[in-house]
Amino acid sequence: NAGVTQTPKFQVLKTGQSMTLQCAQDMNHEYMSWYRQDPGMGLRLIHYSVGAGITDQGEVPNGYNVSRSTTEDFPLRLLSAAPSQTSVYFCASSLSSGNYEQYFGPGTRLTVT
Amino acid sequence: QQQVKQSPQSLIVQKGGISIINCAYENTAFDYFPWYQQFPGKGPALLIAIRPDVSEKKEGRFTISFNKSAKQFSLHIMDSQPGDSATYFCAAAGSARQLTFGSGTQLTVLP
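Protein sequence lines correspond, in order, to chains A and B. Residue 53 in the working numbering sits at position 53 of the first sequence; the count goes up by one each step and never skips. Residue 29 in the working numbering sits at position 29 of the second sequence; the count goes up by one each step and never skips.
The following block holds chain B by itself, in its conformation from the complex (with noise of 0.2 Å):
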């Protein structure tokens, strides 16, 4: 049973466009969510992260929005940059503290 979906599987923007990844989770224990960025034969790094007292949170040029009551959360990617293809997943964590993973977006920016 996949506790959190993600969607798109794959996703092209031109440079300077947003990107945008959602995320849908089913339990409501979760309280804690992050987005983790994955390149090529390295391992995924954290790149923002989102607790659910706050409906956005934004760090340069990524935001992630929360909706509490739908139980999604979404990634945008303002400007999008070349630099930025990269896998991505989100993820969740309750109170046991094990992150469960969204099955990854693959976001290819053009130049």
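In isolation and in its complexed conformation, chain A is listed as follows (with noise of 0.2 Å):
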């Protein structure tokens, strides 16, 4: 098993460009999620899905979207980048919502210029 996969590994974006950061899992599990992890704040929960075709948000889900059309991708779009977006950004996933287990992917570091 990869287990939990993300690409890519580093990206930089002007301000205003959109881009989809990709996650994908091959341990069949229901929940997915999405964290940005910043310097002194800790992981913070931009979205969630408890399973394929349902998605909610999080903590800081403004400026992302998210679709989980198949229970092993789940993909984070930006639509219009901007500063405050630059993080590096965590995809986790476990068993199922009840499960609190997570398995975290090596994460993809977003710099906008």
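Fair warning: there could be bad hints in the mix.
[Claimed, not checked] Computed cross-link-like contacts, DSS-like style, restricted to lysine-lysine with a CA-CA straight-line distance of at most 30 Å: (1) B:K42 / A:K9; (2) B:K71 / B:K5; (3) B:K71 / B:K58; (4) B:K15 / B:K58; (5) B:K58 / A:K14; (6) B:K57 / B:K42.
Simulated from the structure, these hints should not be mistaken for laboratory data.
Grab the two chains, each in its own frame, and use the hints to assemble them into the complex.
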């Protein structure tokens, strides 16, 4: 099993550009989520999904969109990048929403200039 | 509003010493308290977790102490090793199953 994979590892965007961060898991996990990690602030939940076709907002959803068309994939879209979205983004998954143990991907470091 | 407060921000310990990281929470509905370990360039990984029906949980050199009345929990790393040097995050979750993370502690264990 590859676990949770994320692409790209690094990305630089100009303000106003759009892009999609990819996340995939091969563990047949129902629950997937996106976090951003900023210095001194820990990890903050952006969006999450409890299964294919079901998504919901987390603590900091503004500026981000998600969809979950398959169990395996959970892409995060930035519609119009802003410098405030410069961060490290982590995707995570767990067996179900009732299972607390989350497995994290390696992260995507995004810089918006 | 930060629901999980973590301290210290950084910690330097000699090899063989005890590392102690503390967290305090506000939401009494939290019922799951994990600790995650993160190495540079990697994603966080679950280290150890506790539920509020026990006051202590030990796994090898890692121990969680939990004080429900004080709404505090802590991670103790016994016989700290240079390989333990990493960033540690406490977290908490309630019935919604969403993890709320502390701000992290950067641990350095000197050889």
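Verification of the hints:
As the CA atoms of K42 (chain B) and K9 (chain A) are separated by approximately 11 Å, the hinted pair is consistent with the 30 Å bound. A distance of roughly 11 Å separates the Cα atoms of K71 (chain B) and K5 (chain B); the hinted pair therefore holds under the 30 Å criterion. Restraint check: the Cα-Cα separation between K71 (chain B) and K58 (chain B) comes to about 19 Å, which is no more than 30 Å; the hinted pair holds. For a cut-off of 30 Å, the pair hint linking K15 (chain B) to K58 (chain B) stands: about 20 Å separates their Cα positions.
A distance of roughly 48 Å separates the Cα atoms of K58 (chain B) and K14 (chain A); the hinted pair therefore is violated under the 30 Å criterion. Restraint check: the Cα-Cα separation between K57 (chain B) and K42 (chain B) comes to about 26 Å, which is no more than 30 Å; the hinted pair holds.
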